[in-house]
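Please model the complete structure; the sequences and the hints are all you need to start from.
Letter 34 of the sequence shown, counting from 1, is numbered 34 in the UniProt record's numbering, and no numbers are missing.
One or more hints might be untrue.
With beta-carbon atoms standing in for the labels, derived distance ranges [said to hold, decoys possible]:
| # | residue 1 | residue 2 | range |
| --- | --- | --- | --- |
| 1 | 47 | 21 | 18 to 28 Å |
| 2 | 36 | 76 | 37 to 47 Å |
| 3 | 53 | 21 | 38 to 48 Å |
| 4 | 61 | 21 | 29 to 39 Å |
| 5 | 22 | 52 | 33 to 43 Å |
Worth flagging that the hints you see were computed from the coordinates, not collected in a lab. Where a beta carbon is used, it is the ideal one built from N, C-alpha and C, also for glycine.
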Amino acid sequence: MDPISVLAQINVDISGSIANVGYGLAAIGPAIGVGIVVGKTIEGIARQPELSGKLQGTMWIGIAFTEALAFVGIGVAFLFGY
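In structure tokens:
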């Protein structure tokens, strides 16, 4: 095998792996964000139990926006990596 075809194959293997690693890193952010949102909601309910309904509604909206980041991450991984 000539060296150029070997380098081309290595380049293909590396770019696919980088896309997978990139999506893995992109999924860490939303996971941390959801943890913070839920933790702060629990803290708010513990401080003011009468607001639990409003806080839970706001929590679900915050989780939805945070999870949208994971969808953006997988979209970018498919766009650039595959």
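To see whether the hints hold, each was checked on the structure:
Remark: the range hint 18 to 28 Å for residue 47 to residue 21 is contradicted by a beta-carbon distance near 40 Å. Between residue 36 and residue 76, the C-beta spacing of about 23 Å breaks the proposed range 37 to 47 Å. At roughly 41 Å, the beta-carbon separation of residue 53 and residue 21 lies within the given 38 to 48 Å, and the hint holds. Between residue 61 and residue 21 the CB atoms are about 31 Å apart, so this pair conforms to the stated range of 29 to 39 Å.
Checked against the hint of 33 to 43 Å, the C-beta distance between residue 22 and residue 52 comes to roughly 38 Å, which is consistent with it.
Hint violations for this structure: numbers 1 and 2, all remaining hints satisfied.
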